[in-house]
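Colleague: Here the protein sequences line up with chains A and B, keeping their order. So for the first sequence, this note's numbering puts the first residue at 17; every next one is plus one. So for the second sequence, this note's numbering puts the first residue at 450; every next one is plus one.
I should point out that these hints are in silico values taken from the structure, not numbers from a laboratory.
Result set (SDA-like, lysine to any residue): computed pairs, CA atoms no more than 25 Å apart in a straight line: (1) A:K268 to B:L600; (2) A:K209 to B:L736; (3) A:K209 to B:A541; (4) A:K209 to B:R533; (5) A:K464 to B:Q491; (6) A:K209 to B:T528; (7) A:K137 to B:Q491; (8) A:K209 to B:P538.
Using C-beta positions, here's what the derived DEER-type ranges look like: (9) B:F626 to A:D231: 19 to 27 Å; (10) B:N746 to A:N371: 30 to 38 Å; (11) B:L608 to A:D231: 23 to 31 Å; (12) A:E225 to B:V701: 46 to 54 Å; (13) B:L506 to A:A226: 41 to 49 Å; (14) A:N371 to B:P758: 51 to 59 Å.
Since we're looking at a predicted model, the values are computed, not measured. Cβ coordinates follow ideal geometry from the N, Cα and C atoms, glycine included.
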Amino acid sequence: MIASFATVMVASMALVGCSTGSTNVEGEPDTSLTVGLLATPGNLDYTTTAGAAIPQALLYNVYEGLVKLDNDGTVIPLLAKSWTVSDDGLVYDFQLNAGVTFSDGSPFTADSVKFSLERVKDNWTANGPAYLDPIAAIEAVSDTEARITLSKPSNSWLFNMSGPVGTMFTESGIADLATAAVGTGPYTVSSFKTGESLVLSANADYWGEAPYMTDVTLRYFTDATAQTNALLSGDINLISGISQFQLVDQFKSNADFQVLEGASTGEVTLSMNNASDAFSDVRVRQAVMYAIDRQAVMDTANSGYGLLIGSMVAPTDPWYDASLADLYPHDPDKATELLDAAGVSDLTVSFKIPNLPYAVAGAQVVKDQLSKVGITANVTALEFPAVWLDEVFSNHDYDMSLIMHSEPRDVTAFAAPTYYAGYDSPEVMATFAEADAADPTAYIELMKEATTTMADEAAADWLYLQPAISLADADLLGVPKNTPSLALDLSTIAR
Amino acid sequence: MALVVLRRIGVFATTVVVASIVTFLMLSILPGNAARIALGVQATEADVAEQATAMGLDRPAVVRYLDWFGHVLVGDFGTSTVSRQAIGPDIADALGITVILVLTSVVLALLFAIPFGILTAVRHRKPDGVILSGISQIGVAVPGFLAGMLLVTVFAVTLRWLPAGGWVDPGDDFGGFLEHLILPAIALGSVQGAVLSRYVRSSVLEVMREDFIRTARAKGLGAGRALFRHGLRNAAVPVMTVLGLQIATLLVGAVVIERVFSIPGLGSLLLDKVALRDLPAVQGIVLVLVVFVLVLNFLVDLAFTLIDPRLRSAS
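Okay, chain A solo, but in the shape it has when bound:
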């Protein structure tokens, strides 16, 4: 998912145990929480509706899968209490938790696993049904044992199972997914008004440890200032993933609030259409890399918040290489040399950006820096998502763009020749394929190799990693810091 505001948190369980809890005037612990978010779900069905907003609200809270991601981005057990993998990496035997029920009362068994995963191929149209392509067969060995056989070994599919496609459904609960969410999670949806709010109530029959917060209201804002004002005035308790960073500092100096800075998976990317006349020459793309002062872009667009990354890899991924941030130091002379070597002078490019604050601010800096090496970038801000998706993403009618890619581990999608970046390297695609089928150690090495090659070939300029900044009442505990997945895991938050 590109450039969604959704920011997400998966939490450290430890903090909840330490919580003593604050009390309200009646002496009862206050177990209600109001969270302010920006992207509103259009409905409750992420099997056919794209976007991070629905998984942000429902994944891990209402819906659960066999596995989930912890706050460091590691796959951990959820509905599966454990699993074993055959030596050839093809057969996964999942031992399921017993006594789990869906919120409509129906039992969760290995049959639910078979039902849910087999539905993906035919019934899902959004949120990456192709992630489950490696699955060849699903077998309910007993009520609490599910065996999944892959057609080829795949390191990524279990990770992907922690996302929306791994969600467990019950046959009796899918009649109207757009308005009724029936899952096994710690919460159920008690009301939903699109654009306004989504109210979650603790599931009294939850199979696991009950969450501290019994009533959680997710309130949706269209304006980041309105969102921070609501926190300052006490209307809400938590903002997960602030999108305008100039609003952060006022909270740092205010003892009533805490500011949590973590890592997201959102790479803010200056994409160059590798298939266009302007950028088909690697030297021209590299010239752009040297021409851009990424720190200056981050300072302007993000008030300095973020992390220089230099590749399409988030620090929570095992193949993250911090040294790539220094691959192309700011060096306009070198940029001019490369352009001369490529025989390019007076280059004019179309620079089509989404009309989102960070992109509009960042594009001005990029334009200015490019002009110093003789590249003229004509900036057009397109309405996001509708027009940007149409012109840039679908029709590839652009030379340069600037947008955040927020989906975890989206580098393999980015490398596909049909993707809007137009990067076409059979070697890199082969290395990704080899990596997916390799043993876990070689997996990391090969992923590092492919992502480094993409940086060497300047497939795009990954300007910086968007920080995951949460603003919260000072007395909230267990607020997740990082956002390694799409989900906003509420189960660890306490007072």
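For chain A, the structure is supplied; the task is to place chain B on it using the hints.
Modeller: Chain B only, in chain A's frame:
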């Protein structure tokens, strides 16, 4: 009289049909693909094409228009491509909120404008009248959204007396409803109040120079009494005209104010649906807004004839 009513209804119906066609055409040429938005960046072009067919987007424009408008005529606004729910109830909910907001702001604007306008008119040669008149000029210059942000900063963020935004249904919690209504209504009404007070002032000044006021004074009435008994009704006609024109402006202003205060009214609904290219919903909302403005203008016309009997024979 029956002919007049018939003509009015004819004009009304024609306007609605023309508005429906214009809305439909404008949205048809708007770039962006609802199917791509629904499926996101992971879907292939083939998936998107299939989705477009499923959503009925590949049918000819005339067929889509007739299908939509035909259903609207029997009260069926269709199904949202995003929420997959009937659009009618969503529009009704949002319209209710916007109407409450707009009417409250009109009432607040009048409550401010009438006494303030009369006062500045009566004192127009005095220093205090000039100063007050200057203040209302500043009010005209401050945009509603800025007023909203200032009100939030003072009363919600700093003093924490009122919520910074959001909405509570009056049926759920009437106190909460009023708390959430007051700041946005003031923000929306402030500019209108200032504008109206200027009109009240000039209107009253004009009336005070009329012969019948001089006659009333000559009969021995005091200045205030003459104005109150004979002047205000006459002064009200131009003010009502401006108010009628302003209601359309208020609806537009409500779109912005609803954003600033995160109020789920018709403006917020419209912007959300446009962003998602939920065309059946957008068409329905715009049509409801058109009808709403037409009905309000009709009511304003009606109010004229109540205020000024001379206008009755004219219609």
